[in-house]
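Novice: Residues per chain are reported as follows:
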Amino acid sequence: MLRPAERNAPSSPRFEPWTQPGNTPFIRVQGVSKAFGGEPAVTGANLDIYKGELFSLLGGSGCGKTTLLRLIAGFEVPDDGRILIDGIDMTGVPPYERPVNMVFQSYALFPHMSVERNIAFGLRQERMPRKEMNERVSQALDLLRLTPLSSRRPDQLSGGQRQRVALARALVKHPKVLLLDEPLAALDKKLRENTQFELVNIQERVGITFILVTHDQEEAMTMSTRIGIMNEGYIEQVGTPREIYEFPGTRFVADFIGAANMFGGVILRLDEQGAAIQAPDIETEVEVAHAGAGVAGMPVTVMVRPEKVRISKTAPKNQDTNRTEGTVVEIGYLGDMSIFHVRLDSGKVMQASQLNLHQDAEQKITWEDRVHLSWHPSNAVMLTL
Amino acid sequence: MKLPRSLRLFTVLAFGYAFLYGPIFLLVIYSFNESKLVTVWSGFSVKWYGELLHNEKLLEAAWLSLKIAFVSATLATIFGTMAALVLDRFGRFRGRTLLSGMIAAPLVMPEVITGLAMLLLFVALETMIGWPAGRGQTTITIAHVTFSMAFVAIVVQSRLRHMDRSLEEAAQDLGARPLKVFFVITLPIIAPSLVAGWLLGFTLSLDDLVIASFVSGPGSTTLPMVVFSSVRLGVSPQINALATVIIVTVAVCITLAGKLMTLKDDGRKPKRS
Amino acid sequence: MKTNGLVARIQGKPDRWKERWGQRLVAAVPMGWLLVFFLAPFLFVLKIAFSESRLGIPPYQPLLEWVDGAVLQLQFNLANFGFFLEDPLYAAAYLSSLKMAAVSTLICLMIGYPMAYSITKVRQPWRNVLLMLVILPFWTSFLIRVYAWIGILKNEGLLNNFLMWVGVIDQPLPLLHSPFAVYVGIVYSYLPFMILPLYATLERMDLTLREAAQDLGCRPWEVMLKITLPLSLPGIIAGSMLVFIPAAGEFVIPDLLGGSNVLMIGKVLWNEFFLNRDWPLASAVAVVMLVLLLVPFMLFQHYQARQDEAEAR
Chain A
0 MLRPAERNAP
10 SSPRFEPWTQ
20 PGNTPFIRVQ
30 GVSKAFGGEP
40 AVTGANLDIY
50 KGELFSLLGG
60 SGCGKTTLLR
70 LIAGFEVPDD
80 GRILIDGIDM
90 TGVPPYERPV
100 NMVFQSYALF
110 PHMSVERNIA
120 FGLRQERMPR
130 KEMNERVSQA
140 LDLLRLTPLS
150 SRRPDQLSGG
160 QRQRVALARA
170 LVKHPKVLLL
180 DEPLAALDKK
190 LRENTQFELV
200 NIQERVGITF
210 ILVTHDQEEA
220 MTMSTRIGIM
230 NEGYIEQVGT
240 PREIYEFPGT
250 RFVADFIGAA
260 NMFGGVILRL
270 DEQGAAIQAP
280 DIETEVEVAH
290 AGAGVAGMPV
300 TVMVRPEKVR
310 ISKTAPKNQD
320 TNRTEGTVVE
330 IGYLGDMSIF
340 HVRLDSGKVM
350 QASQLNLHQD
360 AEQKITWEDR
370 VHLSWHPSNA
380 VMLTL
Chain B
0 MKLPRSLRLF
10 TVLAFGYAFL
20 YGPIFLLVIY
30 SFNESKLVTV
40 WSGFSVKWYG
50 ELLHNEKLLE
60 AAWLSLKIAF
70 VSATLATIFG
80 TMAALVLDRF
90 GRFRGRTLLS
100 GMIAAPLVMP
110 EVITGLAMLL
120 LFVALETMIG
130 WPAGRGQTTI
140 TIAHVTFSMA
150 FVAIVVQSRL
160 RHMDRSLEEA
170 AQDLGARPLK
180 VFFVITLPII
190 APSLVAGWLL
200 GFTLSLDDLV
210 IASFVSGPGS
220 TTLPMVVFSS
230 VRLGVSPQIN
240 ALATVIIVTV
250 AVCITLAGKL
260 MTLKDDGRKP
270 KRS
Chain C
0 MKTNGLVARI
10 QGKPDRWKER
20 WGQRLVAAVP
30 MGWLLVFFLA
40 PFLFVLKIAF
50 SESRLGIPPY
60 QPLLEWVDGA
70 VLQLQFNLAN
80 FGFFLEDPLY
90 AAAYLSSLKM
100 AAVSTLICLM
110 IGYPMAYSIT
120 KVRQPWRNVL
130 LMLVILPFWT
140 SFLIRVYAWI
150 GILKNEGLLN
160 NFLMWVGVID
170 QPLPLLHSPF
180 AVYVGIVYSY
190 LPFMILPLYA
200 TLERMDLTLR
210 EAAQDLGCRP
220 WEVMLKITLP
230 LSLPGIIAGS
240 MLVFIPAAGE
250 FVIPDLLGGS
260 NVLMIGKVLW
270 NEFFLNRDWP
280 LASAVAVVML
290 VLLLVPFMLF
300 QHYQARQDEA
310 EAR
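Residue numbers (numbering that gives the first Met the number 0), protein chains in the order written: chain A, 0 to 384; chain B, 0 to 272; chain C, 0 to 312.
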């Protein structure tokens, strides 16, 4: 289950710089496009990221998220558009002169150098005085609990330790932005979950803006202040984890994040309160509280999350919209909850999930049962894209 | 009856390696033969090694060969590494196909053709610009650099290809300029392949008869040329002794180089799961 | 818009320019060396192949000549190539070279494939040792390895002595100075060149493919024929060309082991050059040899490039 964490990042109880109109974004990606051999990787990307954010770029493989990250790092030159960091145009600035550091997916630890020399490498390039450098390095070693390992070589470290060295090596430079390319992908599940929280902790402590690339939606949801969902080179939606989950902007986002029931329909009426939609799969009229722009007669998609769907053997009282009936064809028991696949009379299969609150449910729903499905208008979303 | 798999495997390998090593072992054994007739065993002796040490002509040729091999291997390693970098790191550019063709061609080109072609070039250069004046150590060295660098390039290129590119990017990301990245990161990581390439160039140069015969001049006789003219006259126990010295030296060098090459899989691309 | 990107690149900091010029310099050195000392020589071979032989130093007529100090005369001489038609010796030498190289390549393949395959089946620390042992003889002197066979193959050599001692024969077999000796020499010298690329492709091959084929009902020999062999084709081609091309122009082996009984073109070229001192004719021999080897070389280059790409992935 996805539980979008409400994050109370730096200082203020609610860290939402993007809601304050006076704030200038720290990193601005403006109309950036990049193609490789005619094959577009990123198309017209626009993105504003604020100081102190932990921003995630989320998408499947080949969606362009890594390319966008590499464009920000300076390893790729955009075909079009520009990238500003702290108000400075980064176009034409090589990676070694950008105030940006990266944690690579493979960690890219220099195999012929000790942990300490790996971490000091970036500071040496700045020709920092030895005393200051040693101080900074030992701080970084301390922050990431690496002090006892400082003289080891990368091949003598475990996966989690390598990850921490890579992080220390980038953080010690005090970059304006830290880029992380799938930093947790190489770790096993248990370690990954612990490291997620550790990363967030570190980010809050050092106050550096993080941009993280991941294909793991759970990772993005738990860690990020905001998420940018990418698909086929386009940024589909940018928002907080809650916004992305509860109010997806497009069918792709709705489908990509969590599970979604989607059915096509036509708008009957539309006003400030919401919309009424005629959907062939659903017996009654469908009311949606969260509707965007549209006109009557326009084809749209209605999305309801499975956990928002009530499932019962008896018909819900006092409700003559947003309900339908069907037969249970499949039950997925996940321990904390169960997922019911219900075939409607139209043939469409809808999912409804229910928490298993008691060890034995009194009113057990089982295969072939005739059930009623219903949901509240405020729990459904109308999608036009 | 069908042999078990492991036995079949063993048989194949045993025969294969016997074929590869049998002649060399016989050669070594008979270098300790007392008789002048190489193939008739008459008793153990190291006298041929002693004679080897007093063969002025042979020693002189060996010294020349070593000098040429040292210089040509060193130059070939530098140029070959550059070529490997160009082929592996510079992406597609005009002339890439030409360069990769010129790297691949010396690997297979019959030596008589390379030798003849080189000689004709040197003769033409001499008549046109007066350099190189005459033929000898310089021309042999140039010829050896040319074909050795192809071998070096192949060896280094394969190492570069297996190197994790993000190591270089990480160094750049941390503020190192491209030239510095090369010397501080790339070079140490590919160093074992440079050593292997150098050794390869060294032995190739030391071993070359045909090309050296074409491009050498009077007074510059290399070791293989001496060996060849002596072998043409028939089998001689001194050559057996010389062969043994060469084989032992090479075996020691190669074992060391092999240790270096397989010492660590440093900086390899991570295995994708 | 594309132009924006271009402008951005041009406006890029001078560092990027420096980088680019640095790259050009690095590329120019090996490129220049090979152009001058590897490619240019072939132009001279071509040029001299068309000029007339003469006594003197250098022993050929220039192609271009000032006649009476005014008219530039191009003397294009095809006589050297005419030799090939007049004297059947040359055609025979080419054919015999190609045949001997082809047969040797086939034998190398037949010995090398099972060996390479077997090496991939051996467990790790030993696999590297075995591979090293394949490479090792290739590093020891080629000349000496050929020489070793003289002692084995000659009339009073080790093999004949052994066979007579066992009693299989009572007269020594004339093994040395025969095509047989040349085959042995070529196979022996070039076997590592066959094994190494074969091993490289076989080792990289996904083992589960073979397992999948067996799982789908292939017998072991069918797996070999339908999966392993086709997938190792690039290695087979690379190895075969690494043996075939240099073997076709081999001089040392036919000279030392074949004697006067074996005709190979490398030897013809050597003799034209060193004994008859006919540089133009030797060049013409080389030109024809190059033309004959061009197709195998292109094949080699093509598969090499493909293998490079496969490895880069």
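No lab work stands behind these hints, which were simulated from the structure alone. It cannot be assumed that every hint is accurate.
[Said to hold, decoys possible] In silico BS3-like cross-links for lysine-lysine, where the CA-CA straight-line distance does not exceed 25 angstroms:
no.: 1; chain 1: A; residue 1: Lys175; chain 2: B; residue 2: Lys179
no.: 2; chain 1: A; residue 1: Lys130; chain 2: A; residue 2: Lys175
no.: 3; chain 1: B; residue 1: Lys56; chain 2: B; residue 2: Lys46
no.: 4; chain 1: A; residue 1: Lys130; chain 2: B; residue 2: Lys56
no.: 5; chain 1: C; residue 1: Lys120; chain 2: B; residue 2: Lys258
[To be verified] Covered stretches of chain B, going by a simulated chain A footprint (3 or more residues, C-beta under 8 angstroms):
no.: 6; stretch: 158-167
no.: 7; stretch: 181-194
Cβ atoms here follow ideal geometry from the backbone N, Cα and C, with glycine treated the same way.
Novice: All the hints need checking, so say for each whether the structure fits it.
Specialist: Checked hints:
The suggested pairing of A:Lys175 with B:Lys179 holds, with an alpha-carbon distance near 23 angstroms, which does not exceed 25 angstroms. In summary, the hint linking A:Lys130 to A:Lys175 is supported, as the alpha carbons are separated by about 23 angstroms, within the 25 angstroms threshold. Distance hint between B:Lys56 and B:Lys46 is fulfilled; the C-alpha atoms sit about 18 angstroms from each other, no more than 25 angstroms. The suggested pairing of A:Lys130 with B:Lys56 is violated, with an alpha-carbon distance near 63 angstroms, which exceeds 25 angstroms.
For the hint pairing C:Lys120 with B:Lys258, the CA-to-CA distance comes to about 22 angstroms; that is within 25 angstroms, so the pair holds. Coverage of the stretch 158-167 of chain B by chain A holds [criterion: at least 3 residues with CB-CB distance below 8 angstroms; count 3]. A stretch counts as covered by a chain when three or more of its residues have a beta carbon under 8 angstroms from one of that chain; for the stretch 181-194 of chain B and chain A the count is 3, and the coverage holds.
Violated hint for the displayed structure: number 4, the only one.
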